[in-house]
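Each chain, written out:
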Amino acid sequence: MERRHLSLSPSAGRYATLLALAAVPVAVLAVFFVLPVIGMVGRGFRPEGHWDVGGVLEVLRRPRVHRVLWFTLWSSTVATAFTLALGLPAAYVLHRLALPLRGVVRAALLVPFVLPTVVVGVAFRELLTGPLSWLSIDGTPTAIIAGLVFFNVAVVIRAVGAAWEGLDVRPAEAAAALGAGPFTVFRTVTLPALRPSIVGAASVVFLFCATSFGVVLTLGGLRYASVETEIYLLTTNLLDLQGAAALSLLQLTVVVTLLGIGARLRPQRASTQRAPSRPRRPRLADLPQLTVTALLLIFVAAPLAALLVGSLRTEGHWTLANYRALTSTGSHQALLEPVTTALDLSLRIAVDATSFALVLGLLVALSVSRRGTGHREGRAERRVRGTLDAFFMLPLGVSAVTLGFGFLVTLDRPPLDLRDSPWLVPIAQALVALPLVVRTLVPALAGIDDRQRQAAASLGAGPLRRMLVVDVPVLWRPLLASAGFAFAVSLGEFGATSFLARDENATVPVVIYRLIGHPGSMNYGMALAASCVLAATTAVVMLIVERLRVPSLGVL
Amino acid sequence: MTLSLRDVAVAYDGVEAIREVSLDLPDGQVLAVLGPSGSGKSTLLRAIAGLEPAKGTIAWDGRDLGGVPTHKRGFALMFQDGQLFAHLSVAANVAYPLKLRRTPRAERQRRVAELLTLVGLEGYDGRLPGTLSGGERQRVALARALAVEPRLLLLDEPLSALDAGLRERLAADLRAILVAAGTTALLVTHDQEEAYAVADRLAVVRDGHLVQEGPVAEVWRQPADAATALFLGYARVLTGAAAAAVCAAAGVATDGPVAVAVRRSALVLAEDGPLSGVVVSARVTPDQLRLVVDVEGVGEVDAVAGTTAHPGPGERVRLRAEQARLSIVP
Chain S
30 MERRHLSLSP SAGRYATLLA LAAVPVAVLA VFFVLPVIGM VGRGFRPEGH WDVGGVLEVL
90 RRPRVHRVLW FTLWSSTVAT AFTLALGLPA AYVLHRLALP LRGVVRAALL VPFVLPTVVV
150 GVAFRELLTG PLSWLSIDGT PTAIIAGLVF FNVAVVIRAV GAAWEGLDVR PAEAAAALGA
210 GPFTVFRTVT LPALRPSIVG AASVVFLFCA TSFGVVLTLG GLRYASVETE IYLLTTNLLD
270 LQGAAALSLL QLTVVVTLLG IGARLRPQRA STQRAPSRPR RPRLADLPQL TVTALLLIFV
330 AAPLAALLVG SLRTEGHWTL ANYRALTSTG SHQALLEPVT TALDLSLRIA VDATSFALVL
390 GLLVALSVSR RGTGHREGRA ERRVRGTLDA FFMLPLGVSA VTLGFGFLVT LDRPPLDLRD
450 SPWLVPIAQA LVALPLVVRT LVPALAGIDD RQRQAAASLG AGPLRRMLVV DVPVLWRPLL
510 ASAGFAFAVS LGEFGATSFL ARDENATVPV VIYRLIGHPG SMNYGMALAA SCVLAATTAV
570 VMLIVERLRV PSLGVL
Chain Y
69 MTLSLRDVAV AYDGVEAIRE VSLDLPDGQV LAVLGPSGSG KSTLLRAIAG LEPAKGTIAW
129 DGRDLGGVPT HKRGFALMFQ DGQLFAHLSV AANVAYPLKL RRTPRAERQR RVAELLTLVG
189 LEGYDGRLPG TLSGGERQRV ALARALAVEP RLLLLDEPLS ALDAGLRERL AADLRAILVA
249 AGTTALLVTH DQEEAYAVAD RLAVVRDGHL VQEGPVAEVW RQPADAATAL FLGYARVLTG
309 AAAAAVCAAA GVATDGPVAV AVRRSALVLA EDGPLSGVVV SARVTPDQLR LVVDVEGVGE
369 VDAVAGTTAH PGPGERVRLR AEQARLSIVP
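As you go down the protein sequences, you meet chains S and Y in turn. The opening position of the first sequence corresponds to residue 30 in the numbering used here, with each subsequent residue numbered one higher. The opening position of the second sequence corresponds to residue 69 in the numbering used here, with each subsequent residue numbered one higher.
Hints listed in this document are in silico derivations from the structure and should not be mistaken for laboratory results. The reader is advised that the hints may include incorrect statements.
[Unchecked claim] Coverage of chain Y stretches by chain S, computed from C-beta distances (three or more under 8 angstroms per stretch; other residues unrestricted):
(1) 143–150
(2) 156–170
(3) 362–371
[Stated by the list, open to error] Not close to chain Y: a few residues of chain S, all C-beta gaps over 12 angstroms, as computed:
(4) L288
(5) E366
(6) M496
[Claimed, not checked] Covered by chain Y, according to a simulated footprint, are these stretches of chain S (three or more residues, beta-carbon under 8 angstroms):
(7) 200–210
(8) 213–226
These numbers were taken from a predicted model, which means no experiment stands behind them. For every residue, glycine included, the Cβ atom is placed at its ideal position computed from N, Cα and C.
Using the sequences and the hints given, assemble the complete structure.
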């Protein structure tokens, strides 16, 4: 009884733990995310040290800005629609039918999502200027949309596929027993059950399309700009910070709104017992879905094949010359350092960024996930968790370009002068990867029943022992998987890195972009070869992740 | 109008869950398929519904249903936990099969109201399944299954998810509703009380085999073998001399060695009873005194007495045997 007076009440204790866990990531995000973004946006609003809100609003009336907004909106909408049209049948085929090589096909369709955007751009250009040049869609919106679909289809397959696989089959069986044919069952039972995951996936895809940087920049050039590439152009080429700030702010608003919608629609974990489906043999009625999946496979394989073939050919011969040239700096002094040096640097940065993202992500996940069902959660506690959760998702929506430029303009003077710090790039990349890490870890943590910890405690296990017995076995797979994601994201990160990496220490994506910007067939061949190397590296990482069978990718 | 199964077998991954099941269900009757968990009874039900590929013949009115998909069989299936469509209201759930059959709106509304009255849920039209209790959900599921006047109603453990008191009440209601609607029904359950309360006929399934089938009272009186007797609620199965002694005491003529299944209440405390033994333990229940008695020539058996008697352990008592409470098993 004495101790009761001394110790905190249980709820206050939990509160303190929550805040202590969240303190470090909040501080990191405040310094390395909020501050740079505010600094960047502030430059736009206060160009000469005094407020100029009218000037920012003026930006939104420019005809070019209207064109950019309209293009972003319609290209993202069309791309999202196509992504769903291709992704839904494939999600069904890969998660509900018993097919040979199902695992391999699943992994193959996941690869585009983690390919560096620059590589996707280069691969599509190689395909559209090479084997498919007769279509003459290179540099058109069609090419951009194809690139966006290619990139995002994995999100739909994973998010909807996981929901579909976990769908209780009994309501559908009940409907069939009441006389509903297969299509009616799909329309009246399956589709309503899948709706949250479909809408969730669609909103994430739209978000990715609307903020896509590398794909639009490499495929659209200067003629077609989305909000994101326009911000890049305004800041780097035109030095119009006011315009960039206005667009950044607009983008932030839209993204936060979309994330809010996504959070509302995020599938709830059902507590009732389910009868999960067994994959069944394909039937004749599955032919349309199988056809779409086959087309999708071709669609995904074609650019990559074109990239590979292109990298192995120079002047009509099969050769490894492009790969050998990776040790050089290219023709016309395209680079300051050879590509191999950039690769070495990329890998080392990726290791740093991954460790950083993991530590941060684990702390965030521990603080935002409600720990099991053992206690009743107060409303205030829930609100704090919700706010934290949304806060850590912000890097997902803020233009990486804004973030990169914000780093440059705010972290360049004491007390925090990081201009020459080797930590700048890894930190920026870790922040970009953070939402993915958090979203992979949180479902796993939330899935642990707190009563397991209580059972362990009642059997005499101390706190450390409890964690070893209950949490670690559940968490190690998602942790490894999110390490893989973070590594892949870091390897391919282009938006922020393109600002922060200097010529003498550029990462591979930056080097590739520089190579395609320089004239000369040798430079182009090197870009293809470097893209292949980068793609292969991320693909290997992702195949390992896929082996870990963590279902939550794409449930953002 | 008969359901008939001939040599029906279902295999999962090469392991047969149901083997050589043959039975007939006449029109308007309620058949309970009774078996312990894992006996394959639910598999049998799913095979009849067309949800599992089955070998052998499943026929309705002599017409083989082999190639007929679930939704064209005209059977309705009700699951253990109802499987209401969570995104539809109670009325929309009940109207779902009617909509599929393009029943006109006015007719549909009339029928939904009628069915909700039948299951005792007037005025629940607008509620969502999530707001209902377990028993109410099962009633809605039943109304939905009955909506299309199915040729055959298949019920998969319809009451098992409910607590004991509610289960008993709803079992009586279910029986009344099925009789009122004149529905032919096949009910799968592991609970013999539920089977007795609802069904006309009983089929006992064990390890994928149909062990016994017949009218409820008959199966209950004449279990096919010792294991069936125990499953049906007989307390013990006696063999050899013990069986002969109990049979003699009950006045049942036997020729040769037999086995006899005795209910808990087969032996009753009686001052002039033919059997004599020593009380091993005694336990009072609200209705009767439950004893375990070591009877001479029989061994330990269960017995009952009125609550007015108080024989304690170690006391010598006399017992008589009730003929109706025991059964000779082959």
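Going down the list of hints, with the structure as the test:
1. By the rule of at least three residues with a Cβ nearer than 8 angstroms to a Cβ of chain S, the coverage given for the segment 143–150 of chain Y holds, with 6 such residues.
2. Only residues whose beta carbon comes within less than 8 angstroms of a beta carbon in chain S count, and the segment 156–170 of chain Y has 4; three or more means the coverage holds.
3. With a threshold of 8 angstroms between beta carbons, the proposed coverage of the segment 362–371 of chain Y by chain S is violated, since 0 of its residues qualify and at least three are required.
4. Under the 12 angstroms C-beta cut-off, the non-interface status given to L288(S) relative to chain Y holds; the minimum distance is some 25 angstroms.
5. The non-interface label for E366(S) is consistent with chain Y: the shortest C-beta to C-beta separation is roughly 58 angstroms, beyond 12 angstroms.
6. At roughly 35 angstroms, the least C-beta separation between M496(S) and chain Y is larger than 12 angstroms, which holds for a residue marked as non-interface.
7. Given a C-beta distance limit of less than 8 angstroms, the hint that chain Y covers the segment 200–210 of chain S holds, as 10 residues qualify and 3 suffice.
8. Counting residues of the segment 213–226 of chain S whose beta-carbon sits less than 8 angstroms from any beta-carbon of chain Y gives 6, enough to reach three: the coverage restraint holds.
Comparing the model with each numbered hint stated earlier shows that hint 3 is the single one that does not hold.
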